[in-house]
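Residue numbers (UniProt numbering), protein chains in the order written: chain P, 1 to 374; chain C, 1 to 137; chain A, 1 to 219; chain E, 1 to 236.
It is worth saying that the hints were derived from the structure and are not from the lab. From a predicted model like this one, the values you see are computed outputs, not experimental measurements. Be aware that one or more of the hints could be misleading.
Dumping the calculated DSSO-like pairs for lysine-lysine here, alpha-carbon to alpha-carbon at most 30 Å [unchecked claim]:
| hint | chain 1 | residue 1 | chain 2 | residue 2 |
| --- | --- | --- | --- | --- |
| 1 | P | K111 | P | K258 |
| 2 | P | K108 | P | K34 |
| 3 | E | K142 | C | K77 |
| 4 | P | K11 | C | K77 |
| 5 | A | K57 | E | K122 |
| 6 | A | K70 | P | K108 |
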Amino acid sequence: MREVYLSNCEKGFLQKVISEGHRLDGRNYNESRKLEISFGSEYGSCIVSLGETKVLAQVSCEVVQPKQIRPNEGILYINVEISPMAAPQFEANRQTDLTVYLNRLLEKCYKDSKCIDLESLCIVVEEKVWSLRVDIKVLNHEGNLIECASIATLASLAHFKRPDVTRSGDKVIIHTLIEKDPIPTVLYHYPVCIAFAIFSNDILVSDPSFIEESVCTSSSEEGGNKGGILVVGMNQYKELCLLDLMGAAIYNSNLVHKALINAADRCKEIVDLVKKSIVNNDTLRQKRVKKNFSDIITTEHMLSLSKRDLSICLKNYNVDDIEMSQDEEMEDDEDQNPEPSKYDVVPSLPQTAEIIAQKGASSWIEISSGSEED
Amino acid sequence: MAGLSRKKLQLPKSVLEMKFMKRTKERIEKELENIHGHEGLYSNIITNEMRTATGNYIPEASFIYCENLIDGRLSFKGMNPEIERLMDLETPKEEESGEMQKDVSDEVLVKNMNKFKTRKRQSLTPSKYNVPSKKKK
Amino acid sequence: MGVEIDTKEFKLKPMKCEFNFLSKSDGSAILSQGETVTLVSVNGPLDIKMQSQSIEKSTLEVLFCTKGGKPSVADRYKESIIRQTCETAILGSLYPRSGITVTIQELEDYGGLLSCALNCTCLALLNSGLAMRFVFAAISCAVDESGNIVLEPTQEQATSARALLNFVFESRNKDLLTGFSEGSYSESAYEEALERCRAASDLVFTFYRDIISKYSNVI
Amino acid sequence: MKASVGDVVLPGDYCEEISAVGEKAKVIIGPGLQKEIDHVYVTKAGILKKRNPNTYWVDNYQKRYIPARGENVIGVVVQKAGDIFRVDVGSSTTAALSYLSFEGATKKNKPDVQIGDVVYAKMLVASKDMEPELVCVDSHGKKGRMGVLSDGFVFKCSLNLIRKILNPHCPLLESLKNEWPFELAAGMNGRIWIKANTMRETIALGNAILGAEYLSDEEIKSMCTNIATILAGHVS
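Chain P on its own, in the form it takes in the complex (with noise of 0.2 Å):
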């Protein structure tokens, strides 16, 4: 883990920033960056991206014998790893304190929290059970990792299906995603992890971008540090399933009631959103549309980091305030060649309608079992 440096007018301004009222990027306290989760196409793969911070999450299961003092229960595993990707001060394959505390929180808030139904993963008491695992990789670090990363295992984990199971007898049948319509794993609640950043102990700020996180953390010259990361483990019933300090001591408790307030909305809006992705997502699939990752690559990320989502912004500056007939022209020329048409030299478009024979449930005619598995 190499030395990220952090200058003594950066945590001085910023410091000066939050105390006035304002924030870097223009954000008030208690509101959080854009939201996008983006599916794969696979069942259980999904990007969650947070403003910038990006998190890949992977749902995949396998048959494993049950543990001896849980047989008729199958068995969750969190996996969270952050390469070199993240950002360039990770070295790779190496387990920084920074991995142990997001794999913990996950744990506590996804396994401890018995929000999956663990006994509906059985197959043979004693001998079979479904094994799930979650691997969460960190695609770009720009703060609020605990954040990105517990969306990322929810979406992931309630989009995910795993394949039918048909026991006759002492044999046991494992059907391919195309024979059977694959079982969407039970989620009795959808616990979600927010973050606070605490800056000299009576400021709340939600959704802590990474210098803010930095600053907060870091121990300022005029004694100790009295700054610090709150976590907040909550699903939609407004139930409290994880509560985590990281960094200076608490002591007036209203601060943790206010947290708790704002986690309690912020949580019902992230479920929405997390229910209604996968709901459009399987809507799309029905229709047969081949949804990909490729969707997520589009020319206006770079436009959009030009104007919306500056890491130093105004309060109210607002990008269409620039005569609106420049935005016209920019966006214009974009859709005349939305792709680089001279490469289509295939001539089925990913996106059109004509589907090329695909694994996965659409196509039922000509397959046998043998020959299709995943």
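Starting from the structure of chain P, add chains C, A and E where the hints point.
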């Protein structure tokens, strides 16, 4: 043996012979000696062409020599008077030469200069034109 | 083997690319070739521990991450191919005693993953501003039962093909940089595949130039 | 592939024109180009540019700084080691800044520089094989515009944005300079230090600078007027 590529100032032989010049003579001889010695050493690798060829290509790693950028430290409307003073010191030259208030426009100036030169050649009496130069302080 | 190959009937999968997809990396690119999607991040030159430094050139470290978690030998194999290609492409001698890390994340694998990863690595290197000798393009093709060459095979064609050949060409004089193949094929099939892929690599280089021009006339 | 001035070039292209000019006269080959035995090859992707006295370079997009001699950079002091400060300039290694290279610094009265301070310094020594060295004084021992930058705010951006705002024809500083008093230091290593009287003005300045990266000249002007109105409109 290739002469020294750079023309070196050499003291005449007679001066070197003098008694008090003994030590400098030995130094120069030692220098010559080790230059030749070196040359002999790598002569099979270093060709004359290598020794005399001067590259026409100058690699430059920085953009500041390519695009003429203004200085990076600026201050406006009295924020940092010291920097503003430095800025005024550097930029006036351009301003003055840039939009200097010209009471005589350039074309008129050029026409006069031509007339001036032709008149000077015809009359060939320089005295009339020395007067202006004296006025310049 | 100067057989004339006209490039009209070549079939290359549609390619979509975006630069600067990751704000924290020095250079990043996400590329989709057909339905296979990869995301590559390049960080460098960075400082690395003493023992892994080398005096005359920078140390290149390539990390291939699959979607599923368990690291496998196949990843190490892909890493070594990508490292070997980048080693020749990057002018490492300009950044001695430093380290360059290339991290490849597989997002969708519908065939041709390694050639998509190689092309995406090249685009990420271009975005990172690291000095390079040349640009490289990876093309894959399959030899089916009847022996004729199918360029950029789809998933089915790849699984049912007799052999899969992958070639990486460099842009200076279209020389072969790396070649790897699976399955058995005849010598003549190899020759023809080589020529067809070399001709097809022009399309990829034109794609690179188009992406760079799209981004540079904005900046 | 052959490339000519003004083209979009990729590494591996070579430029005939440069080698032609190179035969006769001195040629300065800037960043992004490399002279090899037969041709001058392009090593970075971007637009090939030329300036009159035979100066050629490639304007490419880059975020990571490679130290180059003579460039003014903004660094953060990270360590005091003996009689030198270690300064992070965003390149692969930290640069060395001797405590004597400040105006009026002697063995006895050392310059008041703390760890975490931001300095605006010139890159004196910068080669690929040596550790970069910074100085805060010019050859006459005067500090000129260099030295420690107190409070204000520093942020990172791409090297292109620095070259864009320091370009004399860029309308950004022109349209901002008579809006509100502010101070600015742009380091060639992709870091900008800004300072204004109030916090909102500083944020507005940062917003204008970062917003200008992908905008054309007219859009920059309209953005600046837009930001100035927002700033003026709100008393808070």
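Structure-based check of each hint:
A distance of roughly 26 Å separates the Cα atoms of K111(P) and K258(P); the hinted pair therefore holds under the 30 Å criterion. Between K108(P) and K34(P), the direct Cα distance comes to roughly 26 Å. Compliance with the 30 Å bound is thereby established for this hinted pair. At roughly 24 Å between alpha-carbon atoms, K142(E) and K77(C) fall within 30 Å of each other, so this suggested pair holds. For the proposed pair K11(P) and K77(C), the alpha carbon gap of about 26 Å is at most 30 Å, so the pair holds.
Note on K57(A) and K122(E): the hinted pairing holds, with a Cα-Cα distance of about 26 Å set against a maximum of 30 Å. Between K70(A) and K108(P) the CA atoms are separated by roughly 22 Å; this keeps the pair inside 30 Å, and the hint holds.
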